[in-house]
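*Asks:* Each chain, written out:
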Amino acid sequence: MNKALLGLILGGILGAFDGLSAWFYPEVRNRLLGIVVGSTVKGLIAGILIGFFARKVKSLPLGVVFGLGIGLLLAYGVAAMQPPGQHYYFAIMLPGGIVGTITGYATQRFGQPTTRLRSSKV
Amino acid sequence: MTWLDDSALERLRQAADSPDLEGTRYRLIDKLGEGGMGGVFRVEDRVLEREVALKVIGVSDPDGVLAIRLLQEARVIAKLEHPGIVPVHDAGALPDGRPYYTMKFVQGKRLDEHAKDVKGLSDRLRIFLRICDTVAFAHSHHVLHRDLTPANVMVGPFGEVLLMDWGLSKLLYGSAVRKVADPEASNSREFAGALTTAHGSVLGTPGYMAPEQSRGDSLVDQRADIYSLGAILEFLLTDATSVPRPLAAIQRQAMAEEPAQRYQNVPDLAADVARFLDGVAVSAYPEGLPARFWRWIGRNRAWIALLLAYLVTRALLIFLRPR
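As given, the protein sequences belong to chains A and B, one line each in that order.
Per my numbering: the first sequence ends with 120, consecutive numbering throughout.
Per my numbering: the second sequence ends with 331, consecutive numbering throughout.
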């Protein structure tokens, strides 16, 4: 599996899982499906960006920092889109950053750096 | 009558042992070493303008056994094309009739000397795995080395690991002889015959020889080399402050007294060492469930830390949220 695909799948799964945590918040439980879909899409976007970064840059520390940065950035965007007074920046960005870090770590450790092999000419 | 003193005699002996390269393409530079069979010299190949190593038997070989053995060694090495085996360039006979062969001149250190410069256990084990790789290749071509010692392993300046001195190598019987010995060579029968060792003759290095090889058993097989590999592993672990128990178990199994108790082939031994390097359980050292669990924790601590960080953060955010 190449790194971009790994990032996409892992980002999607972790995003969905993160979205499901909304079930523990009774005040938004009626919007659970929308939150899960939104969180999954956010995870997919973060995952593919982190995966592509891992294909280009082979460095565990840089991959982790990039993952953290992307996770925080996208989570900030989600928090900023909430209605006034319900941004919950800390509560949204902190888990988002950790999820991005996990994806960054995974894409650096695992997955193939390229998708296809080129045959050599003699 | 004037008696020659010892030093004069020694000089004469050296002069007599030095190969007479007159009329060949080689020019003698200096002597690299001396073995039981003869000497190895650094010579210049005047045609290709490069330095090569020339191995030639000593002057005393009345029954021609050493000559056959040298030819056998050259042919075995020539058949075994592998990065871990020094390539043979040429073979022939000197003007005085002694057979020789030339091979790549390797500039490096013997493992027994090089090991002093390698402090890390994992680096030493990686060298060991390279040796295993070469021996496994030879076994796959039905060739036993039979003299695996740290002194017969050369480590080059770029980390290349080369297995030297195939003078005691032995072909396994049956199809193996046909595979390695050239069937079209006029003296292939003589060659194959020279590869067998008479029952009762002991060839090898004490301390590295398998018990059955020390006894002179004629039926030694690849497990004798596995014993020697275990002895090399033991050598590499000698000055380690503490030898991990799984690694000690691997070494003990490789050096088991009975061949049936050892690893049955080199890839199995190498796989166990590689598993140790990867931090997973080795077959030579059965572990209980708790030990496996803690090993798994140790191998996946980064994952576990990240997931725990996420779960703890999520839990704190849920339970400490303003209501």
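Simulated from the structure, these hints should not be mistaken for lab results.
We put the beta carbon where it would ideally sit given N, CA and C, even for glycine.
Take these hints with a grain of salt, some might be off.
Said to hold, decoys possible - Calculated Cβ distances over 10 Å to all of chain B for the following chain A residues:
#1 14
#2 27
#3 28
#4 33
#5 53
#6 78
#7 89
#8 92
#9 93
#10 96
#11 97
#12 100
#13 109
#14 110
Claimed, not checked - Derived SDA-like pairs: lysine to any residue, alpha-carbon spacing no greater than 20 Å straight-line:
#15 A:56 / B:310
#16 B:117 / B:148
#17 A:56 / B:138
#18 B:117 / B:94
#19 B:117 / B:16
#20 B:112 / B:73
Claimed, not checked - Partial pick of chain B residues on the chain A-facing surface, computed with a CB cut under 8 Å:
#21 112
#22 317
#23 325
#24 329
*Asks:* Which numbered hints turn out to be false for this structure?
*Replies:* Hints 7, 8, 9, 10, 11, 12, 16, 17, 19, 20 and 21 not satisfied by this model.
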